[in-house]
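Visitor: Those protein sequence lines, which keep their order, are chains A, B and C. Here UniProt numbering is used: position 12 in the first sequence is 12, and no number is missing along the way. Here UniProt numbering is used: position 183 in the second sequence is 183, and no number is missing along the way. Here UniProt numbering is used: position 83 in the third sequence is 83, and no number is missing along the way.
Treat the hints with care, as some may be off.
Said to hold, decoys possible - Stretch by stretch, here's where chain A covers chain C in the computed footprint (C-beta under 8 Å, at least three residues):
#1 16-30
#2 56-66
#3 82-89
#4 128-138
Claimed, not checked - Facing chain A, a subset of chain B residues (Cβ under 10 Å, in silico):
#5 Q137
#6 L147
#7 M153
#8 D166
#9 H168
#10 W170
#11 P195
Everything labelled a hint here was simulated from the structure, so no lab data went into it. A virtual CB, placed ideally from N, CA and C, is assigned to each residue, including glycine.
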Amino acid sequence: MNQVLDLVGIFVFALSGALVGVRRRLDAVGMAVLAAVTALGGGILRDLILNVPPAAFSSVGYVVTPLAAAAIVFFWHPQVERVMPVVNVFDAAGLGLFCAVGTEKAMDYGLSPLHAALLGVTTAVGGGVLRDILAGQTPTLLYDRQLYAVPAMLGSGVMAVLYVMDLHGWPATLAAAVLAFGLRIAAVRFRFQAPLARGVTAEE
Amino acid sequence: MNQVLDLVGIFVFALSGALVGVRRRLDAVGMAVLAAVTALGGGILRDLILNVPPAAFSSVGYVVTPLAAAAIVFFWHPQVERVMPVVNVFDAAGLGLFCAVGTEKAMDYGLSPLHAALLGVTTAVGGGVLRDILAGQTPTLLYDRQLYAVPAMLGSGVMAVLYVMDLHGWPATLAAAVLAFGLRIAAVRFRFQAPLARGVTAEE
Amino acid sequence: MNQVLDLVGIFVFALSGALVGVRRRLDAVGMAVLAAVTALGGGILRDLILNVPPAAFSSVGYVVTPLAAAAIVFFWHPQVERVMPVVNVFDAAGLGLFCAVGTEKAMDYGLSPLHAALLGVTTAVGGGVLRDILAGQTPTLLYDRQLYAVPAMLGSGVMAVLYVMDLHGWPATLAAAVLAFGLRIAAVRFRFQAPLARGVTAEE
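Construct the entire structure; sequences and hints are all you get.
Guide: Right under this line is the structure:
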């Protein structure tokens, strides 16, 4: 079940990566690279830090899914753009799933709850950061005015607490993911913003 | 023999990295860093993913070779620029060698042919991507209009198939490398281009 | 004792990362990310290459220290900016400590002196490079005109030699760190510059 949740997250993250590729007029190779990096980058970072072979390099689904997403965007990007509000909802779902699954895997490998949650956040936001670095734009993570990392922190923290209380398996994962998803959606809807340093005003 | 092929690839990749440094008017340190990152980055990424200590941090040749290339460019960059068409041929040779050697090493460590080929491509293009990110330019990999990743995919795929057929050792490595090299040279010569997403036109 | 030296280095590097965040008008999340990446990035790179679990993901102090530095900058950045000359001295101290500690750890794990010194330099400059890439500026390492990497090379080299002579433990670490620190301070004070490639002039 966690495997299925993971593949869904990979698929929607790959869609967002491939769309950045289309907008920057990259070719098929660039689109496939951005799709794969966005979808798999966070998990690869997580596995490198856990010192285990990255899941992306041992499962066929992890390779085929981002390529399928890139192909869909390649042929039908106007249609995908039109349903972007839906894709953004999926992206929030991917964020929630990745932070919950990442935290759980880190706890399985014996990290402390604090570090597991940190690694969960890394899993959730790492792929997007790598996508932005490759595409030459400042990572949206750093201008997190509409809360992207904060929902991941909430989901990762809740997952770590549930795990410590011996609640794991997919219902716990899903609960943590839904919390992160909900905060992310609410943040976009109600324009929650992370604060700027004291005395600093936003760029006009 | 594979060790020698590897060092040749490292040398030509380091030349290309150091030349980017000169063109951006970086100093000796910046040139040495770009040379080393271009030459060693792909292999280090590969070894991190394989979860083995990076070869670059256990062999003296892997450290001395990029520094020698950087020194040559430091003193004789006008001459090196003049023979750039030759250097581009060598860069294609490095691409071929790295994708073949990387795929073979990944198969040695038990990855599936699909994942081994993927890691071979990563080995071949990773150093150039890191060079471009450090130097602040969009990775040429993403604007792969003249086929850079595609030849690496061909070479890696052929190497993986040969390996499955129990054909490995340096003649197989060289055969896969020559194929990738040939496609890369032909792509530059005949302007093969990767397709853009449907309905997207190239920037004028 | 080495642990204390390490945390001091992490704190001052995190201050410099958070200050870059304020100058670029990033929000609290962006500041915390830049602080953590600057402070921990070099050590994480070192531990990934040594193939050991990153210290940052097993010690509480390594997570709390950068966050505390980010909070200080968040509330009192004008005051921190005013003492920037002092912070730059601390940054030089962090550079010295990180190159010495990194080299020593690499020797502990059995790398050759040459590779241990290379990894020590990576530890010292890696966080700053990641900070600059995330913040979208060309890594200062590449425009090393006022010697940033060179002092780290000196400190790492001396540490490796001391270690080979069986002199390790914190007095040796401190001696190597002080040497690197001294050269860095002198380089800023007396404007030592790394040379440009033959025939290249600095950009006006």
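Visitor: Hint numbers the structure violates, sorted upward?
Guide: Hints 3, 8, 9, 10 contradicted; others consistent.
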